[in-house]
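**Q** Hey, can you piece these two chains together into the complex? The hints should help.
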Amino acid sequence: MATVELKDVRKTYGGRVEAVKGVSIDIPDGAMCVLVGPSGCGKSTLLRMIAGLEEITSGTVSIGGEVVNTRGPAERDIAMVFQNYALYPHMKVYDNMAYGLRNRGMAKDEIDRRVREAAATLGLAELLERRPRELSGGQRQRVAMGRAIVRSPKAFLFDEPLSNLDAKLRGQMRIEIKNLQRALGVTSVYVTHDQVEAMTLADTLVVMNGGIAEQIDTPMAIYEKPASIFVAGFIGSPAMNLLAAHGAEQGKGLTLASGGAIKPRDLAAPEAGRQVLLGVRPEHLTLVSDSKNADIEMKVTAVETLGADTLAHGRPVAGDARGGELIARLPGSVRISEDDVLPLAIDAGAAHLFDAGTGKRI
Amino acid sequence: MSPRVTFPNKILPYALLLPQLVIVGIFFYWPASQALYQSVLREDPFGLRSTFVGLANFRRVLNDPNYLNAVQNTAVFSVAVAFLAMAVALLLAVMADKIIKGKGFYRTMLIWPYAVAPAIAGMVWLFMFNPTMGTFAFMLRSSGYAWDPLLKGDQAMLLVIVAAAWKQISYNFLFFVAGLQAIPKTLIEAAAIDGAGETKRFWTIVFPLLAPITFFLLVINTTYAFFDTFGIIHAVTGGGPGKATETLVYKVYHDGFVNLILGDSAAQSVILMVIVIALTAIQFRYVEKKVHYG
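The listed protein sequences derive, respectively, from chains A and B. Residue 39 in UniProt numbering sits at position 39 of the first sequence, and the numbers go up by one each step. Residue 49 in UniProt numbering sits at position 49 of the second sequence, and the numbers go up by one each step.
Since the hints were derived computationally from the structure, they do not count as laboratory data. Treat the hints with caution; some may be incorrect.
[What the hints assert, rightly or not] DSSO-like, lysine-lysine: derived pairs with alpha carbons at most 27 Å apart:
id : chain 1 : residue 1 : chain 2 : residue 2
1  : A       : K92       : A       : K108
2  : A       : K154      : A       : K178
3  : A       : K108      : B       : K200
4  : A       : K225      : A       : K360
5  : A       : K154      : B       : K200
6  : B       : K243      : A       : K21
7  : B       : K200      : A       : K92
8  : A       : K154      : B       : K185
9  : A       : K178      : A       : K168
10 : B       : K10       : A       : K92
11 : B       : K98       : B       : K152
12 : B       : K243      : B       : K152
13 : A       : K360      : A       : K21
14 : A       : K154      : A       : K21
15 : B       : K103      : B       : K185
16 : B       : K243      : B       : K101
17 : A       : K21       : A       : K7
18 : B       : K152      : B       : K101
Next comes chain B alone, as it looks inside the complex (with noise of 0.2 Å):
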């Protein structure tokens, strides 16, 4: 342990931290707290009154099939973007660990979907894939394959799961090629003598390695999944066909800023809150357990 650093000013230590705190508290505390205080609160239609409501919001959100709906939704395309971004970028993570000539230009096209805007990459999802224009649409209709994610719900939400999961993709690239690099060569070469052929090394060594990484990669792409994606959504399916696209994050939205049900849209935020909250807590605590750091 190293020793606490002793500030012999009283207030200084408090105005070094207080930039930091004046962000989190503008931009985090307040609109929380603003969120819990609504979801406790009926709006009436014209934004004149509120009333105090207790716990109705709560209990009609949870008793809404919609919102149900929106549950399943959400539990589906988290897992699927968190699992697909995670294994393909692995995939080429691993691939790109090997290649010699040319490795930066590979790496540097990997990362570069990453500075592209979630609107921005489900546009382009959905210029190659819409049904009356798209690229890959047509040579999929063609091939004799019914695409209409237009129409069909499972569709649709395949087409926002790639997209979400195409723009992680790169992000989560960067970290498992940076600790694959931090992986020693030694140890891939004595498990080689070692007589393990090269998938056993891959499962036995390199992944059990980044585990950290792995670790830290699914906290961050659970959460990605269930706040970041709005965007994708939004411009991809606008929650539809028939809400099948629409996720918790997504109705908070549609609730809140088209149809105007402020109290409803503050009490899924709040449980939205809570979910993350609890997911974190869950992974750190049963998850965190396989993992070895160094």
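Next comes chain A alone, as it looks inside the complex (with noise of 0.2 Å):
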């Protein structure tokens, strides 16, 4: 068990293609890192410079406070758990478990034990002298973790290893996942495009794009303060809906291109002409009985009814959106129909200020 430090630590291909812009992050000892971001956003290459697999361009990463970026993957002391599983198709699932612990001369009687510990934490127990294609996807991805836990290594890396996973079995191994995690206390780096896995799993979140970390932080940290436009997209499901709007006059908040005013609480609000975005989570639109009392009407392009919610997709009646679209979630208990144009109200208090040129938080 140790911490893992990267330490503005970048990765180039052929001197020109930056996959990696960067990067810095602390992972306390025993946390678990998410590194959440679409693809090609330099997560999984980050996660394949820690466990050695990528050189490393320039900067450090140390694990257990040593820098290990001229060891070789063996001699960095960490497990990985891959997409595929990269279970050896030959070996049955005991020597599969085993081959790390034999590689390193451990004794035949210590190797047995370990096997047969993470066997029984995981299940496995009736399934020692199978093959790997004797084997369902859940168990397969068991026994890729059992392969990794056996080492007990200073770290876990994972490589989106519930992507192969139907949706079911893969909220059955989220919190599976995350109950040996803690039970193990193993620093873990988890790198998945998932965001909720990537906000139920995560002690620290790190949102990439375009190979430099967006932002670092608590999921809920992320959730409640997005530090950019991109982070308030990504992050959330539905995606917050972005209004194009500027400052009012002094004091009087802000005014939205699609006509009317607002004024957010807990938000400075921009000088007097200043282009913004105002940032609102379909969660904090809420129905209003009658259009004076609307921040903004959306006329409904399409209804999804959830049971628990309803998610009303639409356009603001008047003026623009973002892309034009605007999602709310509204309680299940209301009935709405496509063309319906709906009087909503803004959750002031859990608005957001974005820049419109830099995309940055305000």
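**A** What follows is the structure, given as structure tokens:
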């Protein structure tokens, strides 16, 4: 068990393509750090650099306080769980788990003890004599986990380990991984593009975009105070609504491009005339009785009834939202249909302001 | 299991199979049955009459010391050719898998020898190692080695083995390269994280995963060494010196078409057929058990 520290880590391919452009993360001992972002954002490259599978162009990676830049993957004392599990197809489950221990010259009875212990923890005791192809997806995933935990490494690295599973199993394995990681207290780095996984698993969440870490914080802090339009749009489902607006005259708050004024509480109003984007999560739009009390009116174009909630997709009646789309998460009891015009109030306390030019939070 | 295709027309399926059946019939079953038939006959020297002699041809062939010599030569030759061709091809394939720049060029160059006809391949090696004019023969001799495959049987054997293996390396290389590419990179990475060095990774992960291909090539290479090397032997040594490189298939040709002892030759080809069928069956029965397909 150990801390993992990245200092200004960069990766350049062939002197031209910059995949990772200077990322610094401190992961405390025993914490779960999740790297999340769209494909091509550099999250997997970063993970592979921690594992030693990719060379580090510049910057340092430290595990347990020691810089490991020049060490091979075997000498870093880490274990990795791959997206396709990477189980050795010609070996039985037992040998898959024992392989890493045998390579390190561990005594036979110690290997046996560890493998059986890990198998019992993961519910694999009955399957030790099977080969990977005789296992279901969830079982293979467990074997991959087992191969990691028998080694008692300094850190676990997960590379989208749940993407190959179906939705139900994914939810189940997510909880298992979380419980296991907490129980073992092993520092972990977890890469995913699934924001639900990111939110639920992370102690520290790193939102990556275009090779940089846009924001590093706890999941709730990122949800409540996204640092940029990108983070605001990426974390939270459905994505945050972004409404074009500009600063009204002194002390009057904001004028929406769709008409109407709003004065968000707890937010410093921008200077008059400054172009901004007002971010409002779908769950912070509420249906009000009539248009007089509404901050914005929305014409419904599609309705998704989820049971507990109803998602109303639509466009502002006047003016423009970014991308022209608005989504409101309404209680499931509300009955609406297409072409309805909904008067909506913005929960001003939960609104976010971003500079329209830089995309940064104001 | 996919459901069986059912044809509404009773004749169509047979019509579709017909071209294949005709080809196999004309080029395999008919000559094979002729060989079987000939092997129990004795032909007079002028080819005018043949007499049924039962198993006499077989008896004579199996008691012929020259035949036993050919069996021994074939065993040495086949094992050496199959092993050499596969080992070198695997080595080259592993190295070709590693390089990044010029991969395509390198592979093309290695696949080319396969396009060379066996007799030409034999001639190339003959020119290089011929004691009177061969460049390498000259180099060997000037370094003090008594190189003379025209007189020394073991050197002649070595020469045909190398020439035959060389010809087959390209084919094996192609399959090994494809096999190596089919191994997921993450498996190798997982093994690296699991603390296996490069050599260990090869023998514990890569080689076992190549087993289906190695097995397939073993069957193909054995058959190749038994039958398809006729041209190379014919061009390089002609079975000599003193029958030192005469393999079973070469003896079939020599006895049948040079000495015109058709009955003996037919009996030999029947025996050869039985040997190859038996070998292939043994390979499937015992070696394949150790092979894991995915």
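**Q** Hint by hint, say whether it matches the structure.
**A** These are the hints, each one checked on the structure:
1. Restraint check for K92 (chain A) and K108 (chain A): satisfied, since their Cα atoms lie roughly 16 Å apart, inside the 27 Å limit.
2. Restraint check: the Cα-Cα separation between K154 (chain A) and K178 (chain A) comes to about 17 Å, which is no more than 27 Å; the hinted pair holds.
3. Distance hint between K108 (chain A) and K200 (chain B) is fulfilled; the C-alpha atoms sit about 19 Å from each other, no more than 27 Å.
4. Between K225 (chain A) and K360 (chain A) the alpha-carbon distance is near 11 Å, which keeps this suggested pair within the 27 Å criterion.
5. With a C-alpha separation of about 24 Å, the suggested pairing of K154 (chain A) with K200 (chain B) holds against the 27 Å cut-off.
6. Simply put, K243 (chain B) and K21 (chain A) have alpha-carbon atoms about 72 Å apart, too far for the 27 Å limit, and the pair is violated.
7. This hinted pair checks out: K200 (chain B) and K92 (chain A) have alpha carbons roughly 18 Å apart, not beyond 27 Å.
8. Taken as a hint, the K154 (chain A) and K185 (chain B) pair is honoured in the structure, with Cα atoms around 24 Å apart against an allowance of 27 Å.
9. Restraint check: the Cα-Cα separation between K178 (chain A) and K168 (chain A) comes to about 16 Å, which is no more than 27 Å; the hinted pair holds.
10. With a C-alpha separation of about 48 Å, the suggested pair K10 (chain B) and K92 (chain A) falls outside the 27 Å cut-off, and the hint is violated.
11. Among the hinted pairs, K98 (chain B) with K152 (chain B) is inconsistent with the structure: their alpha-carbon atoms are about 41 Å apart, more than 27 Å.
12. Under the criterion of a C-alpha separation no larger than 27 Å, the hint pairing K243 (chain B) with K152 (chain B) is consistent with the structure, at around 11 Å.
13. In summary, the hint linking K360 (chain A) to K21 (chain A) is supported, as the alpha carbons are separated by about 18 Å, within the 27 Å threshold.
14. With a CA separation close to 26 Å, the supplied pair K154 (chain A) and K21 (chain A) stays within the 27 Å bound.
15. Restraint check: the Cα-Cα separation between K103 (chain B) and K185 (chain B) comes to about 17 Å, which is no more than 27 Å; the hinted pair holds.
16. Under the criterion of a C-alpha separation no larger than 27 Å, the hint pairing K243 (chain B) with K101 (chain B) is inconsistent with the structure, at around 47 Å.
17. Pair hint K21 (chain A) plus K7 (chain A) holds up; C-alpha atoms about 11 Å apart against a cutoff of 27 Å.
18. For the hint linking K152 (chain B) to K101 (chain B), the alpha-carbon distance of about 44 Å lies beyond 27 Å, and the restraint is violated.
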